[in-house]
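In order, the protein sequences belong to chains R and H.
Each residue of the first sequence is one higher than the one before, counting from 606 in this note's numbering.
Each residue of the second sequence is one higher than the one before, counting from 19 in this note's numbering.
No lab work stands behind these hints, which were simulated from the structure alone.
A portion of the hints provided could be inaccurate.
Unchecked claim - Pair by pair, the computed Cβ-Cβ distance ranges are: (1) H:N54 with R:L855: 52 to 62 Å; (2) R:G763 with H:T179: 47 to 57 Å; (3) R:F718 with H:Q70: 51 to 61 Å; (4) R:L713 with H:N54: 28 to 38 Å; (5) R:L697 with H:E23: 30 to 40 Å; (6) R:G692 with H:G31: 11 to 21 Å.
Ideal Cβ positions, reconstructed from N, Cα and C, are used throughout, including at glycine.
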Amino acid sequence: MGVALDGLVLGLQLALLSVGIVFVYGLGGVLNLAHGQVAVAGGLVTALLLQAGQPPLVGGLGGVLAAGLLALALDRTLLQPAYRRKGEERLLLALILTLGTSFALDGLFTFRFPNLALSLRLDPPSVELGGIRVRTASLAVGGLSLGTFGVLLLFLKGTRFGKAIRCIIQNEAGAWLCGVDVARARSATLFLSGALAGVAAVGQGFFSYLGPDMGPEFTILSLIVAVVGGVRSLVGTFLASLLLGMVNALLSYWVGTYLTWIALLAVAVATLLVRPEGLLAYWP
Amino acid sequence: MLEVENLWAGYDGMAVVRGVSLRVDAGEAVAVLGPNGAGKTTLFRALARLLQPLRGSVRFEGRSLDGVPPHQVVRCGMAYVAAERELFPQLTVLENLELGAYVRPDGVRRRLEAVFDLFPRLAERRAQRAGTLSGGEQQMLAIARALMSEPRLLLLDEPSTGLAPRLVAELYRRLDLLRRRGVTILLAEQQVGAALSLCLRVYVLKNGGVAFEGPSSELRGSAQLRSAYLGGA
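Based on the provided sequences and hints, a complete structural model is requested.
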């Protein structure tokens with residue numbers, strides 16, 4: 606029971622981390638390989654703010670904002686030459702550019718902040734819920750993730766700008782023709798993806814801890830989720846995250862952590878073989 | 019209404035459109051004819067600013083379009099219907115039309131009625147996903163979506179592509195109705211007969227330049243001209 610709950614919460618956490626990479630791919634035709642590093646940047650800013658004596662709320666919001674701004678900065682500078690190209694050319698150029706960025710950020714984080722870590726302890730550490738003891742951190746992370754997804758869905762379904770974003774994902778040229786400012790929507794999406802990664806990093810701080818070297822791991826996890834969920838689907842991303850979170854938790858419990866990476870990749874390969882477009886092919 | 023002067027446009031620095039000048043007056047329907055590869059689509063993409071012109075000027079209602087980003091063009095009152103139609107396949111007919119009104123969110127209902135009046139078939143299919151429509155219906159939807167922005171000038175790129183002859187005739191009857199309601203039309207077409215039935219003036223593009231310019235009657239009356247410029251079409 607406890608393991609299943611762990612898997613669920615881990616899945617929700619994965620969903621937060623991955624939705625940004627899916628979003629940016631769907632909207633911009635770009636896979637951001639520095640996505641995990643953006644998350645880590647947010648977490649480190651939160652840790653620095655807490656060290657400086659700021660209250661947790663300020664620290665958390667500061668980290669989320671910083672991650673969003675870092676992704677926005679990538680959009681406005683590094684990705685511009687990629688946007689001028691189309692399709693595969695755009696994807697490949699952006700892969701190289703963001704891969705370089707990820708190395709640079711990894712180096713910066715581990716060199717400048719080798720011992721910085723974000724670890725948020727809640728009091729009390731666990732509560733009794735319907736006869737089971739549940740970690741408060743699990744509840745916090747679950748609530749954070751569900752709340753964020755709720756707001757995101759309302760934004761996409763309910764606002765004019767959200768509609769514009771959905772139509773760009775289906776047809777960029779069509780969106781331009783309807784008068785949608787695709788470039789601006791893309792920037793907004795990069796900011797949003799970064800901010801969501803920042804929320805995931807803060808969640809990681811609650812869950813266990815977040816260190817300066819965790820960027821590559823985050824990027825790869827979100828890539829696996831994106832592949833399983835279908836790179837253009839929000840609901841697919843969500844379901845894939847829950848599935849992979851569960852697989853991860855169960856395997857860690859029964860077999861040990863050393864096999865979990867291989868298991869996650871195996872799930873991704875199996876999905877590609879059975880449903881090449883992911884669990885749900887279309888948005889949302 | 020639209021004045022194009024010495025326009026050069028192309029891809030990766032290679033000019034496909036080479037020094038095209040043309041004029042469209044308010045209330046007119048004008049055709050741009052020419053064989054495949056003559057530069058028609060490149061010209062239209064440059065007019066809609068999906069493609070940055072290399073040289074030359076485009077003025078719409080007296081205002082230069084230099085430096086105007088593509089999403090602003092439709093706000094200016096010029097809507098482009100691409101040959102690929104560029105619909106949103108997973109959205110319904112109605113949602114596609116609503117996005118067509120993205121720049122003019124007021125009075126959507128009145129304009130919806132107007133386009134459903136023009137294309138009754140779309141009204142029947144309003145809840146259907148655009149990707150599941152037939153080719154003819156998709157073309158109607160693409161035009162209807164453009165009309166939702168209440169354009170004064172409609173740019174149509176090869177509207178007859180992929181349509182059966184009966185549907186082409188039907189489509190052109192609707193376009194004629196539109197023109198009589200005051201929408202100015204500039205269209206590129208390979209089906210010369212259909213284009214000449216709607217447009218009183220014609221430009222023929224060849225190798226990226228204007229090879230012929232004049233009244234449709236002149237082209238219609240001369241098999242010699244047609245074979246010289248349009249390969250006997």
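Hints and how they fare:
The beta-carbon spacing between N54 of chain H and L855 of chain R, approximately 59 Å, falls within the hinted interval of 52 to 62 Å. Roughly 37 Å separates the CB atoms of G763 of chain R and T179 of chain H, a value that falls outside the hinted 47 to 57 Å. Separation of F718 of chain R from Q70 of chain H is about 43 Å and departs from the stated range, judged on CB atoms against 51 to 61 Å. Distance hint for L713 of chain R and N54 of chain H: a CB-CB separation of about 53 Å, inconsistent with the stated range 28 to 38 Å.
A C-beta distance of roughly 38 Å is found between L697 of chain R and E23 of chain H, which places it inside the suggested range of 30 to 40 Å. Here the CB-CB span from G692 of chain R to G31 of chain H is close to 19 Å, well matched to the stated 11 to 21 Å.
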